[in-house]
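Asker: With chain G held as given, fit chain Z onto it using these hints.
2 protein chains.
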Amino acid sequence: MFVRKPENVNQQDMDIPGAKGVKMQLMIGRDDGAPTFSMRLFEVQPHGHTPLHSHNYEHEVMIVSGEGQVVGGTNGSTIRPIKQGDVVFMPPNETHQFRNTSNDTLKFMCLVPTHFDCGQGACEATPGS
Amino acid sequence: MFVRKPENVNQQDMDIPGAKGVKMQLMIGRDDGAPTFSMRLFEVQPHGHTPLHSHNYEHEVMIVSGEGQVVGGTNGSTIRPIKQGDVVFMPPNETHQFRNTSNDTLKFMCLVPTHFDCGQGACEATPGS
Chain G
0 MFVRKPENVN QQDMDIPGAK GVKMQLMIGR DDGAPTFSMR LFEVQPHGHT PLHSHNYEHE
60 VMIVSGEGQV VGGTNGSTIR PIKQGDVVFM PPNETHQFRN TSNDTLKFMC LVPTHFDCGQ
120 GACEATPGS
Chain Z
0 MFVRKPENVN QQDMDIPGAK GVKMQLMIGR DDGAPTFSMR LFEVQPHGHT PLHSHNYEHE
60 VMIVSGEGQV VGGTNGSTIR PIKQGDVVFM PPNETHQFRN TSNDTLKFMC LVPTHFDCGQ
120 GACEATPGS
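Residue numbers (numbering that gives the first Met the number 0), protein chains in the order written: chain G, 0 to 128; chain Z, 0 to 128.
With the rest of the complex left out, here is chain G (with noise of 0.2 Å):
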């Protein structure tokens, strides 16, 4: 086992088209042995948001600090309050979106499988994962 404490890890930008002001931080990833899933530490700057988009896994989602929104449902159709202590799941294939609507800084844990597609002989590993 091991325990790890945010501030030891790297954090790196978000640098993926429709991210603004996001950072990340892989807080257990494939590259320690995690068998099925990963656990990102996310922070949003204010008025910052992750892309729209959407991808055949899930995740699972929660409010560390701060407050927000979150878009999901049928293309992106729903916008729901969050904030801190907050659980969000969005199931696969639903276009969403993490937005910091406040003038803090927003955090929240991001789950997400380490593999997918595996229908089809290799599994493809998740990006961030």
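Everything labelled a hint here was simulated from the structure, so no lab data went into it. Honestly, I wouldn't trust all of these hints.
Just so you know, same-sequence chains aren't split out, so a pair can sit in one copy or run between any two.
Claimed, not checked - No farther apart than 25 Å at their CA atoms in a straight line, the calculated lysine to any residue pairs in the SDA-like style are these:
hint, residue 1, residue 2
1, 19, 35
2, 19, 122
3, 22, 109
4, 82, 0
5, 82, 116
6, 4, 73
7, 19, 46
Since the model is a prediction, treat every value here as computed from it, not as a measurement.
Answerer: Below, chain Z alone, put in the same frame as chain G:
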């Protein structure tokens, strides 16, 4: 998608041998359609603990509040302090335990795969997932 608040989720006593003062809330699980892994929120009362046990699937844990100790390693030979913000990876088959050594409640998120033992035909559903 859904957004779920801990205050709206049923809290169950962890009523298994070796557990003391432990309650669990299944925040995201198989019944929600979680395809790969489940998120559970645990509360451990002061000087309570989870059972010292092992199983052939992993835990990924984030300490939400409070402090204590985690036991792991070969035959439970390693003890590490844990506190708010720390992340713990417990690989499959390590004997482990979470202990609240303080006078305040210890809360942590603990994630497990929804299924295990998938090598030989049908998988087993993970307890508490």
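Asker: Under a CA distance limit of 25 Å, which applies to residue 19 and residue 122: within one copy, between copies, both, or neither?
Answerer: neither (30 Å within a copy, 41 Å between copies)
Asker: Check residue 22 against residue 109 for me: Cα-Cα at most 25 Å, and say if that holds within a copy, between copies, both or neither.
Answerer: Intra 12 Å, inter 23 Å, cutoff 25 Å: intra and inter.
Asker: Within a copy, between copies, both or neither: where do residue 82 and residue 116 come within 25 Å Cα-Cα?
Answerer: Close neither inside one copy (32 Å) nor across copies (36 Å); limit 25 Å.
Asker: Cα distance capped at 25 Å. Does residue 19 pair with residue 46 within a copy, between copies, both, or neither?
Answerer: Cα proximity of residue 19 and residue 46: one copy only (8 Å, versus 44 Å across).
Asker: For residue 82 and residue 0, with the copy left unspecified, which applies at a CA distance of at most 25 Å: within, between, both, or neither?
Answerer: Only across copies: residue 82 and residue 0 sit 16 Å apart there, 30 Å inside one copy, limit 25 Å.
Asker: When no copy is specified for residue 4 and residue 73, does a C-alpha distance of 25 Å or less occur within a copy, between copies, both, or neither?
Answerer: between (37 Å within a copy, 22 Å between copies)
Asker: Is it within, between, both or neither when you check residue 19 against residue 35 at 25 Å Cα-Cα?
Answerer: neither (29 Å within a copy, 29 Å between copies)
Comparing the model with each earlier hint shows violations of hints 1, 2 and 5; every other hint is respected.
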